[in-house]
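**Q** Those protein sequence lines, which keep their order, are chains A and B. When we follow the working numbering, the leftmost residue of the first sequence carries the number 1, and every step to the right adds one. When we follow the working numbering, the leftmost residue of the second sequence carries the number 1, and every step to the right adds one.
Heads up, some of the hints might be wrong.
According to the in silico footprint, chain A covers these stretches of chain B (three or more CB under 8 Å from chain A) [unchecked claim]: (1) 41-54; (2) 61-72; (3) 77-83.
No wet-lab data here; the hints were simulated from the structure. On a predicted model such as this, the values are computed, not experimentally measured, just so you know. Cβ atoms here follow ideal geometry from the backbone N, Cα and C, with glycine treated the same way.
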Amino acid sequence: MRRATITCLTAAALVLAAAGVASAQPAATIEPAAPVEPATPVEPATPVEPAAVAQPAAPLAMADREAPRPPPTPRPPIRPVMEAQGFGLVPLGSWSHHVYETNMPGLSLRQFGPGGGGAFTFGLHNLPAPRWDLLLRGSYAVLGTGEWERYAADHGSNVTTSVRLGNVALLLTRDIDVSSSFRIAVGGGPGVTWGSGEESDPATATYSYTMLKTVPSLTIGARGILALSSVFSLVAELSGLVGTTIVSYGDGDDRMLTALVGGVGVRVSP
Amino acid sequence: MRKRSGPLAALIALAGAAGALATGCCGGDDNDGTGSFGTFRNQTQLFLNVFTDDTTAVYVRPGQEVSLKFVGGQTVRVAFSPGQDAPGGFVGERTVNCCCTAAATCDSPYCGTVVADQQGTAPLTLNYTSASCFTNNGGGSCPYVYAFGADGHAIPQAEVLSAALFAGAARADVLPLPDAAVVDGQVRVRVATELREIDVLTGAGLLAIDHEPGVVLATDSDGRLAAVTSPLPPSSAASPRVPDQLPLVAARDGAGWIGSFSGGVMRDALTVRFPPTQPLPRDRVVLVVRNIRSTEQALQRYLAELGPGFPGLLRRLSGLPGYRGKLSKIVEESGLALTVTTSQPGRSAQVRTVAPVGSLGARAVALELPALDPALPVEVKLEALPTAWEVDTVFLARAANDRLVVNQIAPARAQASDGATAALTEQAPYRQVQGQHLDLTFPLSSLPAAGAAGRNRSFALAVRGHYELVPGQGRGVDWGLLSLRTMPGFKDSFGRYVLGDRSEPRWSMCPKRILRDLLSDRGAGADGGTRLACAGPEAAR
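Input sequences plus hints: build the corresponding full structure.
**A** Below is the structure:
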């Protein structure tokens with residue numbers, strides 16, 4: 001479980017790093033700090049990365065010689081952001097499958113199926129740096145249980161089931177400009193996910209799904225942001241949600257959280 | 001006079017309560033609201049949902065063991081998980097008993113293990129193994145009796161002299177010893193005082209009983225040997241909340257029915273039905289029962305709260321006329337005795353009671369029935385304070401005392417654990433306290449050889465004596481609390497206590513405390529944290 005968490009964190013770091021590398025190149029064209037060190041292209045002691053440094057640096061050095069240094073670009077203002085999304089959630093992995101499978105070879109029974117819900121996000125744009133978003137998101141989804149209810153009915157029990165999955169996450173995303181009105185934000189962050197649910201069996205009682213737990217989780221995803229105006233944007237998102245043991249049946253039967261989340265919504269940045 | 005009779009009745013009532021359960025084995029805390037834990041194991045082939053009042057464990061897989069928490073109740077209910085083509089609804093219910101297993105004061109008492117089992121298509125059964133309670137410095141108990149087996153090990157049998165609290169209730173008792181072995185022509189028996197009590201023996205002997213195969217040895221309601229034969233098992237058994245309890249009481253298997261406080265009732269009942277007994281008439285109903293240890297422990301705490309001087313007061317009161325009868329009456333009314341009602345269609349019911357027998361082991365108690373009509377079915381209804389009794393099995397039988405040959409043997413040696421030789425007579429009673437035991441050796445050389453003419457030989461221990469509570473440090477008695485617990489509502493007072501109800505205003509009617517509070521410059525609330533017996537604070541100083 002720990003290895004999986006570390007793997008997820010590593011993946012998140014790679015995604016964020018990739019976002020940084022991808023956006024670094026256009027950023028360099030407007031970044032005045034690079035030409036400040038004219039010694040870089042002519043310093044023979046630093047040919048270690050000639051291809052990476054000398055190629056773009058030479059024309060910049062030429063420009064530095066031919067034109068006066070432009071004034072520094074002012075830092076974009078930090079703006080509040082709010083988003084409201086509707087989303088669908090597809091549980092992946094064993095946690096969504098019924099424990100009966102462990103004792104009935106050949107049985108494939110999904111207890112928690114795809115569901116939907118809503119999310120509300122607020123945060124700050126251009127924090128901690130330009131083109132970054134620092135967001136706090138709360139989401140709540142209701143999972144489908146129809147497959148299990150139909151199976152139970154076929155085997156003598158008319159149960160009614162309700163299962164929810166909640167998540168609160170702190171997200172850090174980096175914008176990648178695609179056009180003047182459309183950009184992609186990639187990133188993710190840690191959070192907490194909790195499962196809850198109950199089952200009503202008219203023959204006995206309504207009882208909670210005590211096997212559902214609250215776990216630390218990690219969200220990684222990409223979002224497309226289409227600016228409709230300076231304030232309003234449309235947002236479409238695809239992300240993965242992973243976590244530690246979200247379902248535990250005891251005796252070491254612990255099942256990790258994995259899910260795919262896709263949603264659309266509006267973004268307001270006054 | 002009215003003032004004298006009130007406390008006397010109250011004290012005798014409490015004495016009855018104390019004797020009824022023969023007290024517990026350890027000072028564990030049960031029903032104290034701090035939470036207790038038990039274990040549930042699923043030995044069926046299907047998934048189960050398990051419910052207590054505080055825990056739900058769903059989809060417990062075959063072979064799986066889960067932990068259960070008990071705070072507000074001690075009942076385990078089991079249902080098959082849905083979607084397995086299994087019967088719906090609750091299919092089993094079991095009451096557990098919680099006690100400390102490691103220390104006299106513990107935060108998490110253990111409640112034992114409930115095992116769900118199902119053989120083939122038979123109904124699900126819930127077997128229960130109670131916790132092994134911590135015994136040091138616990139409350140009193142009846143003497144524990146061990147028989148020595150062929151390998152020389154002492155094997156626990158059961159307790160004797162239950163409810164014989166103080167000399168005024170001294171009595172005789174006979175305990176069958178199924179594990180006694182003849183080694184070198186001798187049978188050895190140990191009478192041990194393992195808990196905080198004083199056991200007093202004024203006589204002991206071994207009964208060598210030659211009988212036909214199939215004869216079952218039991219004890220009657222007066223502690224006399226009662227042999228029966230031709231057992232007839234029940235055809236059905238039900239409690240108000242669980243319609244089929246037959247698997248629990250069909251046979252003597254160490255697991256049985258325990259009443260439940262579900263619904264807040266202070267009495268639970270088990271109704272056992274038998275088919276017509278013809279062609280062989282039956283004249284006995286035999287109950288294989290024992291008391292529940294944790295309830296005994298609760299009774300000890302219940303009594304201890306009355307003050308350290310309470311045992312001494314009882315000792316003096318036990319010499320008063322009417323003590324024994326009042327004791328029995330109070331035990332019956334409090335629910336600590338097992339009420340047995342037998343009836344047949346169209347005939348008047350007969351009500352009998354079984355005094356407590358202790359918790360060390362189950363005892364077979366044979367009750368005489370009025371002449372039963374062999375052509376009619378028989379119904380036996382058992383009622384008691386929930387969690388006070390476990391009923392292993394119930395069966396009808398035919399008296400067989402006239403088919404026995406009984407020889408009584410006096411002990412050739414009675415050696416106390418300190419090496420002294422004990423005398424066991426009315427004139428020189430033998431007394432032993434916690435940690436001491438008495439080994440009795442009975443030679444069989446004077447008896448004819450066993451096994452003659454196809455007969456078996458069994459043994460039983462016959463004793464006479466009583467037991468006493470150990471006085472506490474101090475002499476105080478909380479008269480206010482004593483009065484509250486012995487008012488007409490006493491019938492349910494202990495039951496409420498077992499359920500964790502501590503709402504009694506213990507400060508009331510405690511003249512010593514009132515006086516001290518008035519005179520003390522510490523203020524009236526100075527001992528608010530020691531609202532136990534009147535003598536509690538003095539004893540602590």
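**Q** For this structure, which hints from the list above don't hold up?
**A** none
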